[in-house]
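**Q** Here's the letter readout for the chains.
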Amino acid sequence: MNRFDYVRAGTVAEAIQAFQADPKARFIAGGTNLVDLMKYDVERPERLIDITRLPLTAIDAHEGGLRVGALVTNAAAAYDPRVRERYPILANAILAGASAQLRNAASTGGNLNQRTRCYYFYDTATPCNKREPGSGCSAVGGVNRIHAIFGTSEYCIATHPSDMCVALAALEATVQVSGPEGERSIAFADYHRLPGDDPAKDNTLQPGEIVVSVDLPENGFATNYTYLKLRDRLSYAFALVSVAAVLDLDGDSVKTVRFALGGVAHKPWRNRDAEAFLQGKPATRESFRAAADLVVAEAVPQSENGFKVELARRAIVRGLEQAAAGTPQSLSDKRIQ
Amino acid sequence: MATASGSARPATTFDITLTINGETRKIAVAPWTTLLDLLRERLDLTGTKKGCDHGQCGACTVLVDGMRVNSCLVLAVMKDGAEITTVEGLAGLAHQKGTNTLHPIQEAFVEHDAFQCGYCTPGQLCSSVGLMNEGHAKSRDEIREAMSGNICRCGAYTNIVDAIQDVMQEAGR
Ligand SMILES: Cc1cc2nc3c(=O)[nH]c(=O)nc-3n(C[C@H](O)[C@H](O)[C@H](O)COP(=O)(O)OP(=O)(O)OC[C@H]3O[C@@H](n4cnc5c(N)ncnc54)[C@H](O)[C@@H]3O)c2cc1C
Ligand code: SF4
Ligand code: FES
Ligand code: FES
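So the sequences go chain by chain: A and B.
The first sequence begins at 1 in this note's numbering and counts up by one.
The second sequence begins at 338 in this note's numbering and counts up by one.
Bear in mind the hints are in silico, worked out from the structure with no lab data behind them.
Any given hint could be a false lead.
Unchecked claim - Keeping only pairs whose Cα atoms sit at most 27 Å apart, straight-line, the calculated DSSO-like set for lysine-lysine is: (1) B:387 x A:39; (2) A:201 x A:24; (3) B:387 x B:363; (4) A:255 x A:281; (5) B:475 x A:334; (6) A:39 x A:24.
Go ahead and model the full structure; you've got the sequences and the hints to work with.
**A** Spelled out as structure tokens, the structure:
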């Protein structure tokens, strides 16, 4: 790790000021992503601004939904009785990620802002446009089994590794941020970005801005939901493909549906056309297959990750079936029903 | 706001207070010192192991304010004021109650042959205590899932789950 200075902020305003005084500083929360990257010399901040003492550790009722403070740990959010009852898809997605130890340390804001990344990003001996803009992408034509199949560019094909964010995309949460220019709200779909020709930027947060909360809307789809995560081992591994699906049914037909995919793009991946197609259709395997086909029609696989196209297609169908049946994927019984 | 001794130049150390296994200590740490390195290299508490140093194996698991975390990814300076329990403190906690015995989870690991080389064991023990403090995992499958952050290269997993179940059943009685 490089040598750096350390300051501890007591308020959001202090944290923003500390950044303005030193734009090469980085905020640190749980540290589970930042410290890891610093140990590889991928991140070399001159100063860390410790934001763990900011008063952003509560989960409060907010406009019919819940406001989850940015410093609420992933474990505290997942086990909060209100989250479990009203937003079980969020609890399940969080608990499908990382390990108990990591979730005890990781924060809500940190989870959103963990780097979109791949193995080459960690390896400073190799070219990587995200780490070193203009150096090239080692994964295109390289070892790319874990990489993206949607929304890629020739500059970067990395995936955003968060499980929590896939559920937040399906729930259509809102991200509240505070910064030098004041406060603003960002719709979840607009928070993370695609790589385009500027993969160094993972999201739309501006320099000096802090995530203060993630707001959950009133409808938590607590009856018809699932978070289905497919990976190389049954726990403590990143998703190859995951799907967060929520539904409202009107008898046997689909009234509202939203589904987001993880492990397949630079951000949680939604396809509005496929969602719109399902509206009013019978909630059957046939409908779900047709919707999944619409989604994967846009897939652009790399040399080694073609399997993800079929895996995504089947995961979407199974996820929508689980959600429609009200039988969400169990976290501990790993059989996929 | 706490800054680097208020000066423009980075201070190399910060004075922090940690209560480690019941003993309160004032320590000067460089900000880049992880809790794991502080425990092992400075305080001679070498029970806590370094496996991967990247949050991937769980060998460095300790309890911070009763919660299990990977000490390799924790900067010690950020935990100013916290209570830390390491594997050395598990039996120590029992000592303080005058029982002078191993922690029940340590007894159970011996009883169930829940280790071979023992390298992952301190992390497994602290993680087990953290799991029981959390109180969410009940069934065997749930314990397996909640212990997945602790890798055991010797593959003692089955016996580790047996040991945890045993202690949970004793406590429930
Ligand atoms: C071995 C391992 C396995 C993992 N497996 C999974 C998995 O399966 N699924 C999954 O979803 N995740 C997984 N993770 C990632 C983990 O979820 C993230 O590391 C964690 O959520 C990051 O949160 P943090 O608070 O520790 O962030 P930090 O490391 O503190 O910060 C990460 C970034 O976010 C910025 N930041 C933090 N808080 C804020 C804020 N409030 N406002 C603005 N910027 C902020 C920091 O400046 C930094 O750039 C894994 C991590 C490890 C190490
Ligand atoms: S995929 Fe993105 S993160 Fe990976 S090497 Fe290419 S540019 Fe870097
Ligand atoms: S040494 Fe900390 S998790 Fe491996
Ligand atoms: S006992 Fe050897 S690694 Fe677990």
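**Q** Confirm or reject each hint.
**A** Now for the hints, and whether the structure bears them out:
1. B:387 x A:39: With a Cα-Cα distance of about 14 Å, the restraint between residue 387 of chain B and residue 39 of chain A holds, given a limit of 27 Å.
2. A:201 x A:24: This hinted pair holds, its Cα atoms lying about 15 Å apart.
3. B:387 x B:363: Between residue 387 of chain B and residue 363 of chain B the Cα gap is close to 24 Å, so the pair holds against 27 Å.
4. A:255 x A:281: Given pair residue 255 of chain A, residue 281 of chain A holds - Cα atoms ~8 Å apart, limit 27 Å.
5. B:475 x A:334: holds, 16 Å
6. A:39 x A:24: holds, 18 Å
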